[in-house]
Amino acid sequence: MIHQEATAVVDVGGPRLPGLRTFLTSARAGFSLGMIREFLEWFGDLGVFVWHVICAAVTPPFEFRELFRQLDEIGSKSFPLVALAGAATGVVISLEARYSLTRFGAKSLLPAAIVFSVIHEMGPIMTGLVVSGRVGAGIGAELASMKVTEQIDAIEASAVNPYRLLVVTRIVACILMLPLLTLAADACGLVMGWVAQALAEPLSFHQFISSGFKGANFSDFLPPTFKTAVFGLIIGLIACFQGMRTRGGAEGVGRAATNSVVLSSLFVILADVVLVKIIIIFFP
Amino acid sequence: MGTIDQIAMELAAAGTEGSVAVVAVEDLHKSFGSQQVLNGINLTVSRGETLAVLGRSGTGKSVLLRLIIGLQKPDSGSVRIHGQNIAGLALDRIGEVRVKIGFSFQYAALYDSLTVAENVAFPLRHHRREMSKSEQADRVKQLLAEVGMEKGLEKMPSDISGGMRKRVGLARALALDPDILLLDEPTAGLDPISSSEIDDLILKLQAERHMASIVVTHDLHSAKTIANRLALLNEGKVAIEGNFEALQNSGIEFVREFLKHS
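So the sequences go chain by chain: A and B.
Here this note's numbering is used: the first residue of the first sequence is 81, the next is one more, and so on.
Here this note's numbering is used: the first residue of the second sequence is -6, the next is one more, and so on.
Hint data in this document are derived by calculation from the structure and do not stem from the laboratory.
Worth double-checking, as some hints may not be accurate.
Short, incomplete list of chain B residues facing chain A, as computed with Cβ under 7 Å [to be verified]:
id	residue
1	Phe25
2	Gly88
3	Ala102
4	Leu107
5	Pro116
6	His119
7	Met149
Note that CB positions come from ideal geometry on N, CA and C, so glycine has one too.
Using the sequences provided together with the hints, build the complete structure.
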């Protein structure tokens, strides 16, 4: 009896299993195909978007008024945050480097380690990530909100090219402002790195700088600073793209802001990998 | 084919503008995915004429306006503005046509980072660069006075009522002295008194400016008040077109049903 019941259970379950397996397989396949399609669509849309942006950027009229507004919005309003992040980075590098270099008996290299770490990598990447967060979210949410409330349509209906007015100005402002913000982050990082160093062991700022920059030249300083212009291009482009392709209401705006931050941060880090390699090749 | 300005000037010089269609929509089709929204629409509007487009929600009335101004592209068919088909035009060429069209959005679509005055000045700032700032300011005041908004020029759009926002949207649509005025649900969401005021305003503007106007609305009373002709959309097509009496006397079941519930 028990055997029969067990068989019955197996019999009942038996025919269902292949169906369930087929369903799961097809659902997984459908999900994967959907993901691939979305991924390809995203890049296709980005290509079309970039083409519109290029066309708008190279033809007059140029929206200088909006550009100056964006330079202020992106540059001066990001300055306190970038300066703070740079300062904190300088302190952390100073503390960490002091501990490591003292262990290996290379304490005299401490100023150079701080200076090179800050200007080569930490200043630029911290600036890129902080601006991705603040400006990426801001641009993404602003343009998405304008999109869902038909303000971008209204701009277009007024015979004004929204790519020229909204997108080109923001991207150019990001490209111009990132290197300047990086300089600010570098300066704050170096000053606070010196403060952290001086608190542990008295050292004048002049000594710190002259020792830190000993043997350094412009190729140590300029390429890492100007690579942030590429970060600016990525942040501006991704944030504007996510904002302009928004659909839906408040949910769409939230999604656009989140995606702008996540994708621009991710692409900044990936671009950094490539740019560091290029800088090493061309500025050995 | 000359520019839209040249064509409009030639028509005006020939004195034929009143009789020919300023806006001509021919066999217009538009679908979104599998949903066919417009399925062969034919409409014409002449100078000084107001056409009201009626229909149930989701019948593509607003889509029709967006196609006319080129915010969306049709699947097939043509939209001719002063005889020029805008369907295949590039973004900057469409811009030349759009300067001649005023568009008032359903929810006004005012720029929320700009004041009321700056919203109305927006088209002037971009297309009347030869005007000085004081001339632009005077023009903005004049336009806002025309729509009954003499006060609150420095207020933000979020600080004014829905009716006031519609008025500001209308003033912005009129800023470049358009030949064609497209109004998307001008009275939707307004109380009866505000609706009536907007209707009166549209009639006044029409009498003064003799534009070719297309008004998309649910409001049969408003349509009857402001329009010379009405077109009722059903299943992506024009079910009937004519004056209000023609609709009333129609034997078409859908038309009778629509009028019964309006």
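Quick one, is the B:Leu107 hint okay against chain A at 7 Å, beta carbons?
-> It is violated, given that the least Cβ distance between B:Leu107 and chain A is near 10 Å, above 7 Å.
Should the hint that B:Met149 touches chain A count as held when the rule is a Cβ pair under 7 Å?
-> The hint is violated - B:Met149 has no Cβ within 7 Å of chain A, the shortest such distance being about 14 Å.
Per-residue hint verdict: B:His119, partner chain A, C-beta under 7 Å = Status holds, d = 5 Å.
Restraint satisfaction for B:Gly88 [CB to CB of chain A, less than 7 Å] = holds, 4 Å
Taking 7 Å as the limit, does the beta-carbon of B:Phe25 come near enough to a beta-carbon in chain A?
-> Since chain A brings no Cβ nearer than about 12 Å to B:Phe25, farther than 7 Å, the hint is violated.
Is the hint on B:Pro116 kept, meaning its closest Cβ partner in chain A is under 7 Å away?
-> With a minimum Cβ separation of about 5 Å from chain A (threshold 7 Å), the hint on B:Pro116 holds.
Can we keep the B:Ala102 interface hint, with Cβ of chain A closer than 7 Å?
-> B:Ala102 check passes; min Cβ-Cβ to chain A is 4 Å, inside 7 Å.
Checked against the numbered hints listed earlier, the structure breaks hints 1, 4, 7; every other hint is satisfied.
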